[in-house]
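Protein chains: 4
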Amino acid sequence: MANKFGKIFSITTFGESHGEAIGVVIDGCPAGLSITIEEINQYLALRRPGFGDSVSPRDEADEAEIISGVFEGKTTGAPIAITIKNKNFDSNNYEPIKNLLRPGHANFTYLQKYGIYDFRGGGRASARETACRVAAGAVAIKLLEHYGIKLVAFVSSVGNESAKVKSEDIAELREKTYASPVYCPDEKASTKIINTINKVKSEGDSIGGIVGFVIKDVPIGLGEPIYDKLESRLASAMFSIPAVKGFEIGDGFNAAKLQGSEHNDPFVKSGEQVMTSSNHAGGILAGISNGMPIIGEVAFKPTPSITKPQKTIDLSNNKTVLQLPLGSKHDPCVAIRAVPVVEAMCAMVIADFLLLKAASSHIKDNLSENY
Amino acid sequence: MANKFGKIFSITTFGESHGEAIGVVIDGCPAGLSITIEEINQYLALRRPGFGDSVSPRDEADEAEIISGVFEGKTTGAPIAITIKNKNFDSNNYEPIKNLLRPGHANFTYLQKYGIYDFRGGGRASARETACRVAAGAVAIKLLEHYGIKLVAFVSSVGNESAKVKSEDIAELREKTYASPVYCPDEKASTKIINTINKVKSEGDSIGGIVGFVIKDVPIGLGEPIYDKLESRLASAMFSIPAVKGFEIGDGFNAAKLQGSEHNDPFVKSGEQVMTSSNHAGGILAGISNGMPIIGEVAFKPTPSITKPQKTIDLSNNKTVLQLPLGSKHDPCVAIRAVPVVEAMCAMVIADFLLLKAASSHIKDNLSENY
Amino acid sequence: MANKFGKIFSITTFGESHGEAIGVVIDGCPAGLSITIEEINQYLALRRPGFGDSVSPRDEADEAEIISGVFEGKTTGAPIAITIKNKNFDSNNYEPIKNLLRPGHANFTYLQKYGIYDFRGGGRASARETACRVAAGAVAIKLLEHYGIKLVAFVSSVGNESAKVKSEDIAELREKTYASPVYCPDEKASTKIINTINKVKSEGDSIGGIVGFVIKDVPIGLGEPIYDKLESRLASAMFSIPAVKGFEIGDGFNAAKLQGSEHNDPFVKSGEQVMTSSNHAGGILAGISNGMPIIGEVAFKPTPSITKPQKTIDLSNNKTVLQLPLGSKHDPCVAIRAVPVVEAMCAMVIADFLLLKAASSHIKDNLSENY
Amino acid sequence: MANKFGKIFSITTFGESHGEAIGVVIDGCPAGLSITIEEINQYLALRRPGFGDSVSPRDEADEAEIISGVFEGKTTGAPIAITIKNKNFDSNNYEPIKNLLRPGHANFTYLQKYGIYDFRGGGRASARETACRVAAGAVAIKLLEHYGIKLVAFVSSVGNESAKVKSEDIAELREKTYASPVYCPDEKASTKIINTINKVKSEGDSIGGIVGFVIKDVPIGLGEPIYDKLESRLASAMFSIPAVKGFEIGDGFNAAKLQGSEHNDPFVKSGEQVMTSSNHAGGILAGISNGMPIIGEVAFKPTPSITKPQKTIDLSNNKTVLQLPLGSKHDPCVAIRAVPVVEAMCAMVIADFLLLKAASSHIKDNLSENY
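So the protein lines, in turn, are chains A, B, C and D.
1 is the number of the first residue of the first sequence in my numbering; add one for each residue after it.
1 is the number of the first residue of the second sequence in my numbering; add one for each residue after it.
1 is the number of the first residue of the third sequence in my numbering; add one for each residue after it.
1 is the number of the first residue of the fourth sequence in my numbering; add one for each residue after it.
So here's chain A without its partners, still in its complex pose (with noise of 0.2 Å):
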């Protein structure tokens, strides 16, 4: 397996759905940043939107400790270890359907690579290894906070209900975001969103959706051209969540449709500034970023666990189907969790190419600029 992600501010993450707990060790994240537990789990709790009905996780909020890496309120440059109990689950329910091929799920090729699989609660494989991401993402976003730089994730569309966002203000879209129940900052499409839900929800079924994100005020200059381009790296970022089955910055597969000159943004002088007078590109040119606000979009499949009964086969290859247990929750709509997991690899991914273009960009005149 591959658990690692990040070159400088880098993270490794442990911990099945069922274990003890899981849990991130965060190396490379600069010393010297003031980081409390209150800020971690304060961000770990948008991981239970409010829509208490629409998602369905774990009764108790999560709570993180840091084992290691800070001292005296500030990180020392040692790697944070941040680990999360897992409580209140069941795994009993699991038992019976262990044997079962589960459509859309993991345990299918999760056996066929490995010979073994957790089941309970689709171990490894659970969406629950997200909220670790969202534990480094805090530190993350705090040290882009340090520098100025802000983000912010929110769902666009669910089915066929599309969200009309506007990316103007990042502090205003955030509040707006987190204050809709559904993670959807357009109160119409909140609404529609929430039927839409509810309607799928009743059907014992799921439903798919998309996830936008701005990052704002980045500095000119993170990516890593060729290979390791700003786009590649969010790109591998946001395939590295569950459920992510597309991703597109700027105009993206529209821009398929246009011409040169529909696309190409013309360059203007902002003050002392350079800037461009529109935003196709989404913030990147030639894989490194252009002063411009970064802007993606992350589509996420419906999710795979339904209540409604499937044909499926068991191991010995029979046919049979699958019928989730009763009492057996699912999110209905895995991109409204999805939100701030999606906030947190971008920042990740920003803070990573900062700390990298400090070792690769251009020399310095004097040793003590270059660091």
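Since the hints were made in silico from the structure, they are not lab data.
All the given hints hold, so there is nothing to weed out.
Note that the list lumps identical chains together, so a pair holds whenever it fits in one copy or between two copies.
Listed below are the simulated SDA-like cross-link pairs for lysine to any residue, each with C-alpha atoms no more than 25 Å apart in a straight line:
1) Lys-98 - Gln-273
2) Lys-308 - Ser-261
3) Lys-150 - Ile-363
4) Lys-308 - Ser-278
5) Lys-150 - Ile-170
6) Lys-166 - Lys-216
7) Lys-199 - His-330
8) Lys-257 - Pro-181
9) Lys-257 - Pro-309
10) Lys-319 - Asn-279
11) Lys-74 - Glu-20
12) Lys-176 - Lys-257
13) Lys-166 - Ala-179
14) Lys-257 - Ser-126
Keep in mind the model is a prediction, meaning the values are calculated, not measured.
Fit chains B, C and D to the given chain A structure using the hints.
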């Protein structure tokens, strides 16, 4: 910069568009693979589509040379260095515009990041670098062939013209693709695309497009969750190709509109094998190949280099108009030429995971089985 | 910081000496390996040599816990997290000396590099981190055992007392080693070493030592030239252990005095196998294991923490004398306790190359053989 | 294989001894560094010591070529590819012995690992590869000079003849070293070494040696604990050089004989700076440079290629005698020619950590300071 891709089967590329040569070093290709320079050059020729008018490359075919790593017709395990001389270029064209910020181009971000820019023909940021990927891809494809894995990429849309593509037989699809001047296997769409390109070309403009791919007979078990999932690496690979703005696997963005009961692919047995009766997932479950065809799409923006005059500013922030020199030749639709590049990147990703799987799956009963 | 070691079988460690816990995440251990917490704790106990007076650890035995990656007694391919709680420490001892630069210690360079230093018990720089290596090493050794590879480390000298060690039988050598209170398999030398240590201890001083190792039945072909040679990685592993100042393989520094005709090991056949009639090379030729025992030595400096008063300066550059607190316990000879650490690092290096070889050697005739 | 070294300032080398060319790609060198091909070739010439009789290289000087990454005399941040053509070789010499296992050589392990061996002149395993390191080292040294860091390597012993070396002034030491035909700065020892080499040479034999190095004015704070300590990386670098069997830093193996009160270097102030009054540690504490000179020694085995007949077996396991062809020229003491190679590896390690430190130390008050 980061000019390396892959973990075991890995490449490092070098060279600028108007430098002496470009090249690639393949490190980690297993020993004992038969490969000839003819096979590499034959594959390289595909980067110069037959549609002579729609694309505008250098006049002579690229001629690669194997510098190392092959002995008596077989790879030795040593790094395989391949170089391609640059010829027939005229850097003088770029002199008059070297101080202008070129919309949609690399020069602004490169100058900001590195403080220096080799402006001749796009320097390191030129799509010419992709020839190195195709050369290395020829080796990866040879390795995949050895294990019975086949793949193809093709133009699936340009502007508003879309192809209908059936992925039944890879060999047939490949033949149709490369028979089309615009690498589109759907004959009707091919004609419309040619018309579209001719039109934008006559306007001094360019147009975007989408490239699809199919990889077949991939063994179950490729991909390394959590952070090096098969789709994650494919995404990273695709976004490293110049001009890419979107990537999706399986149903992609459309999955966001579906319900779980529609999107989940039911498991069925087929003889002694397990497969799924549909393939919305595009051949990947939980980051690991499931044996079904791996299917994806890659969105390319329109070429930023257009002969139409464009408003911009120069390095001193003065407003000006960018007018590419009359003789300058630019590809009106980069998606076409990207077809073998997409194939090459797919092949290298699969080759790498094939080798990684040998190292990372499960314990074998005896040593000789394991290696 | 860089708290990760290994490519496929890789570890990330975390934790400070006086923090809540220390821990290690093993990523890349193949699935299907049987491992119990008892085996890990048993191996961990070896870091607390019986020679109670010569070493001065915490009072209670370390008790490790497996947090993830093991299901029904077997590894699952998921990251194996192991934590060890810190207990019985008193950080108050360090308060009075926290502003003094400690000769031979980490505090000066850590403060300069990170601007902050967790001075309690040495913080991240404490040798306590090596317990994590031993815990992970227990897993690696289990993997090697599965393939019939055996290894042992032992004290080969302390100060001017040297042991005579025959490496014929690993099991026997291991038994003798761990039977000695100072982990020295040569009984006579063992006694002299005990005397030496008692003497320096009574002076409030410490002493250096050398640890030797032998790895047997290593398959031919481990090691990845040019820059990841077997000896290169072993050297890197050994120098990552605190207090290591020298490493040699085979004849080591003595090889510099020999002629080629003396040093070259002649190839002979032994039954159907090829071996060499001598082993000056120490089991490695051109970066690759040759099937002969891998033999090396690791030099440890004397423990820098001594109770003897030492001249130094404080953080304000004032001259002062460092006097460690009376109650403080320090290991008079770190080489002894390093024995299982050297074993653990050897085991992890060999395990990693064993897995890498599966990915990087030569093409197999059919897919199933390759993985 | 693993033909890459370094994390930020990194190299990939390629090429065989009797192939068309060898080469190196430097990825991660900061933009804006002045470098000329003359500087590289001048440094490369040092791999051909003046002591014409003791070493036996090809007749003509190596002529490197810069293929990419330098524009108008300065590095651009793009990969710097440098190639060196192979000339004046005659592969026919190797034909008669291609089926013989050569004691101390690469051919047995390469054949076992890769199933194929390019026997011509040692193929990939030839020390000729080190020319690429020297070429890349010239660039690294240029970068270090920019920051005022100086270094030198020299022969400190051959067989039983040892030099006395004072490391006061690097420039002077360097001059004396390269003035000696055997790269030994101690004139008396130099003469004795020449005699020793002439003697072993007349016997058709070879001899080992030790190379020392000193790196001065290294900023405090280089090195990334725990697993990428400065000494750990230096050790890895040195053991990647062919024929190296031992490495030590500071007092090295002798430290194992010392007591803590002898080995600990007392901190003193020197003007406004902190330094140590002795340097047993060799400039590194806890994996991080402490500002004192970095001092180390590297042990080389005798050249395995000797003209004296040697008993061995062939590929069919038949006993035979290896007699190198009369005309074949081999270096009787590889340590001499390794002097600039050791320098080059030191320079690349320091350059890489210099860049890494910029990315990994502690948070700065504002963005512009950080990069």
